[in-house]
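*Asks:* Here are the chains, one letter per residue:
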Amino acid sequence: MKHKLILSIALALVLQGSLQAGGPWAKGKGKTYIKLSEWWTVFDTHYNDIGLLDPNVTTGIYNTSLYAELGLSNKFTATFNGALFSRNFMNNIRSGTTNDILIQGEALNSLGDIDIGLKYTFNQEARIPVALSVVLGLPTGIAGGGTQGNLQTGDGEFNQIVQLDFGSGFKVGNSDAYFAGYVGINNRTQGFSEEFRYGLEYGVGLANSKLWLTGKLTAVESFKNGDTGSSVTSTSIFANNSEFLALGLEANYYVTKTVGISAGFASAVRGEIIAAAPSYSVGVFLDIK
Amino acid sequence: MKNFIFFSTLLFILFTGCIEDDFIEDFVEPEISITNAIDTLGLDTEYQFNTRFLNNTGQQESVEVVWESSDPTVISITQSGLATAHSAGTVVIAVNTVDQSISDAIEVTVGEETVEVEEPASITGSIMTTTFYDLEGTFTLSETDTGLFLDIADDYVTTSALPGFYVYLSNNRNSISGAFEIGEVTVFRGAHSYEIDGVSLNDYNFIVYYCKPFNVKVGEAVLN
Chain D
1 MKHKLILSIA
11 LALVLQGSLQ
21 AGGPWAKGKG
31 KTYIKLSEWW
41 TVFDTHYNDI
51 GLLDPNVTTG
61 IYNTSLYAEL
71 GLSNKFTATF
81 NGALFSRNFM
91 NNIRSGTTND
101 ILIQGEALNS
111 LGDIDIGLKY
121 TFNQEARIPV
131 ALSVVLGLPT
141 GIAGGGTQGN
151 LQTGDGEFNQ
161 IVQLDFGSGF
171 KVGNSDAYFA
181 GYVGINNRTQ
191 GFSEEFRYGL
201 EYGVGLANSK
211 LWLTGKLTAV
221 ESFKNGDTGS
231 SVTSTSIFAN
241 NSEFLALGLE
251 ANYYVTKTVG
261 ISAGFASAVR
271 GEIIAAAPSY
281 SVGVFLDIK
Chain B
1001 MKNFIFFSTL
1011 LFILFTGCIE
1021 DDFIEDFVEP
1031 EISITNAIDT
1041 LGLDTEYQFN
1051 TRFLNNTGQQ
1061 ESVEVVWESS
1071 DPTVISITQS
1081 GLATAHSAGT
1091 VVIAVNTVDQ
1101 SISDAIEVTV
1111 GEETVEVEEP
1121 ASITGSIMTT
1131 TFYDLEGTFT
1141 LSETDTGLFL
1151 DIADDYVTTS
1161 ALPGFYVYLS
1171 NNRNSISGAF
1181 EIGEVTVFRG
1191 AHSYEIDGVS
1201 LNDYNFIVYY
1211 CKPFNVKVGE
1221 AVLN
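Heads up: the protein sequence lines correspond to chains D and B, in order.
So in our numbering, spot 165 of the first sequence is number 165, and the numbers just go up one at a time.
So in our numbering, spot 129 of the second sequence is number 1129, and the numbers just go up one at a time.
No wet-lab data here; the hints were simulated from the structure.
Predicted model only: the values in this text are computed from it and were never measured.
Note that the Cβ used here is the ideal one computed from N, Cα and C, for glycine as well.
Be aware that one or more of the hints could be misleading.
Said to hold, decoys possible - Ranges of calculated distance between the beta carbons of each label pair, as one might list FRET restraints:
1. D1197(B) x T45(D): 49 to 59 Å
2. T1138(B) x Q190(D): 29 to 39 Å
3. T1138(B) x Y198(D): 40 to 50 Å
4. N1036(B) x L111(D): 53 to 63 Å
5. L164(D) x G1198(B): 51 to 61 Å
6. A251(D) x E1020(B): 22 to 32 Å
7. Y198(D) x A1121(B): 50 to 60 Å
8. L132(D) x S1126(B): 33 to 43 Å
Unchecked claim - Here are some chain D residues the structure puts well away from chain B; computed CB gaps all over 12 Å:
9. R127
10. E157
11. N186
12. Y202
13. E272
Said to hold, decoys possible - Which stretches of chain D does chain B cover? Using the computed rule of at least three CB atoms under 8 Å from a CB of chain B, they are:
14. 40 to 49
15. 102 to 108
16. 205 to 216
17. 219 to 230
The shape of chain D in the complex, shown without the other chains (with noise of 0.2 Å):
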């Protein structure tokens, strides 16, 4: 009995997985999720190379992102994650003697990175199912744009992830909840540094699981043996060596059965060469199940 409620959650998870954007659980073939999502983080301060705050021209990058997954098969799943329009801008410096603009603000609008990946579900009914993820991040996002080439939509390189993931699901209460993982390392060219990643996140469904709630971990130790920072233009999300170990929250709500709007927030707490500000994400999601 115990064995039929896990599997029972576990499926629910395959359903509502998506929710939380990957874990270890197959899509199911023929079953789709599409999600259309607002990204964006405004930052005048970053964490320097040994992790204090120093501040910077106030930057913003806004995404307006695809996430896709397409179940191939019951354990093969295609996974679709690009920027379709992104957008980054800095500030004008305006001298505070005269108001005069010092140095113009610019922005930057293309097409942002995109990541294609393949997804293996080793064992979907498991009470802990695995995943064996490939990722390739192609680098369709500009790396240098603006008259100063400091402008990003993207690291101009090509990114070669391979991903571990695993996951379960429980009750709490009469809540269906889960939560999940992953280790995953990115081999990277052009000269930055690879990157190990891993990240946890718990996830609890509220209101006959219509409304989800999810907190989570996600953080990239860099290996730091690519070029240093003085060799590349590289300038908030997509320097090289970065580092940073995030805490976010996230909440999906079914309005219908298959349409959802989602919104959620995550923050560094601690980090190098990257960002320190809030990011904001605002989505709508279509799950045909």
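Dock chain B against the given chain D, drawing on the hints supplied.
*Replies:* Relative to the frame of chain D, chain B by itself:
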């Protein structure tokens, strides 16, 4: 599907980042200075004084000035700064802005021949970080017959983590507007030099280290 399209359209409309303004505190006290001071003016000779005016953001500007001699019977001076020595004695030559708010003055003695004030041929000082990025060291800025040289000493160390890291000469410690770009920082530890063309030793008051992509000052040195 209609709901999905509706909410999707709403996202595009509502969320767009706009370029706004960041302000920097770039006020400096305006200053006027006599750039070619002399100790002694030869009897019955003339000497043309020059000035430099830096406004309240450290930018060099041409302004109308008023020249004064404390005793025109010893040394007279025209409003274009041309001084003439008439008799023995010592006077104060002063230059003022028209509103008399900013001035500079030197003491000049009438003697056998004109003698310029001997300026030091070099300036030494310390580079200090103004952020949490590593940046420190001592330097010598020296003027020779072949040009101006900024020699950074062996005790210098800075970070290699910053992209677009440049060094400037500026008259405003908080701004590179109107500053002279010496070059990109490519040495992160130890002694090195920059050769600087078209600049004189006393043209600027500060060395400024600046990260261009982040548009932020990283460190500075005062040129006394």
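*Asks:* Checking the smallest CB distance to chain B, is E157(D) really beyond 12 Å?
*Replies:* Its Cβ never comes within 12 Å of chain B, the nearest being 15 Å, so this holds.
*Asks:* Can you take a look at whether the segment 102 to 108 of chain D is actually covered by chain B? Rule is 3+ residues, C-beta closer than 8 Å.
*Replies:* With 5 residues close enough to chain B, the hint holds.
*Asks:* Would you check chain B against the segment 40 to 49 of chain D, counting CB to CB pairs closer than 8 Å, and say if three or more residues qualify?
*Replies:* With 6 residues close enough to chain B, the hint holds.
*Asks:* When you take the CB atoms of N1036(B) and L111(D), is the distance between them in 53 to 63 Å?
*Replies:* holds, 59 Å
*Asks:* Once the closest CB in chain B is found, is it more than 12 Å from Y202(D)?
*Replies:* Answer for Y202(D): holds, closest chain B Cβ roughly 26 Å.
*Asks:* Within 22 to 32 Å: is that where the Cβ-Cβ distance between A251(D) and E1020(B) falls?
*Replies:* Holds, at about 29 Å.
*Asks:* Closest CB-CB distance from E272(D) to chain B, is it above 12 Å?
*Replies:* violated, 8 Å
*Asks:* Using the C-beta atoms of L164(D) and G1198(B), is the stated range 51 to 61 Å upheld?
*Replies:* About 60 Å separates the Cβ atoms of L164(D) and G1198(B), which means 51 to 61 Å holds.
*Asks:* Does the Cβ-Cβ separation between Y198(D) and A1121(B) fall within 50 to 60 Å?
*Replies:* holds, 59 Å
*Asks:* Please verify that the nearest CB of chain B lies beyond 12 Å from R127(D)'s CB.
*Replies:* Consistent with the label, R127(D) stays out of reach of chain B, its closest Cβ about 34 Å off (over 12 Å).
*Asks:* Does N186(D) really sit off the interface, with its C-beta more than 12 Å from all C-beta atoms of chain B?
*Replies:* The assertion about N186(D) holds, with a minimum of 19 Å to chain B.
*Asks:* Does 33 to 43 Å hold as the CB distance between L132(D) and S1126(B), or does it fail?
*Replies:* violated, 55 Å
Against the hints set out earlier in the document, violations occur for numbers 1, 8, 13, 16.
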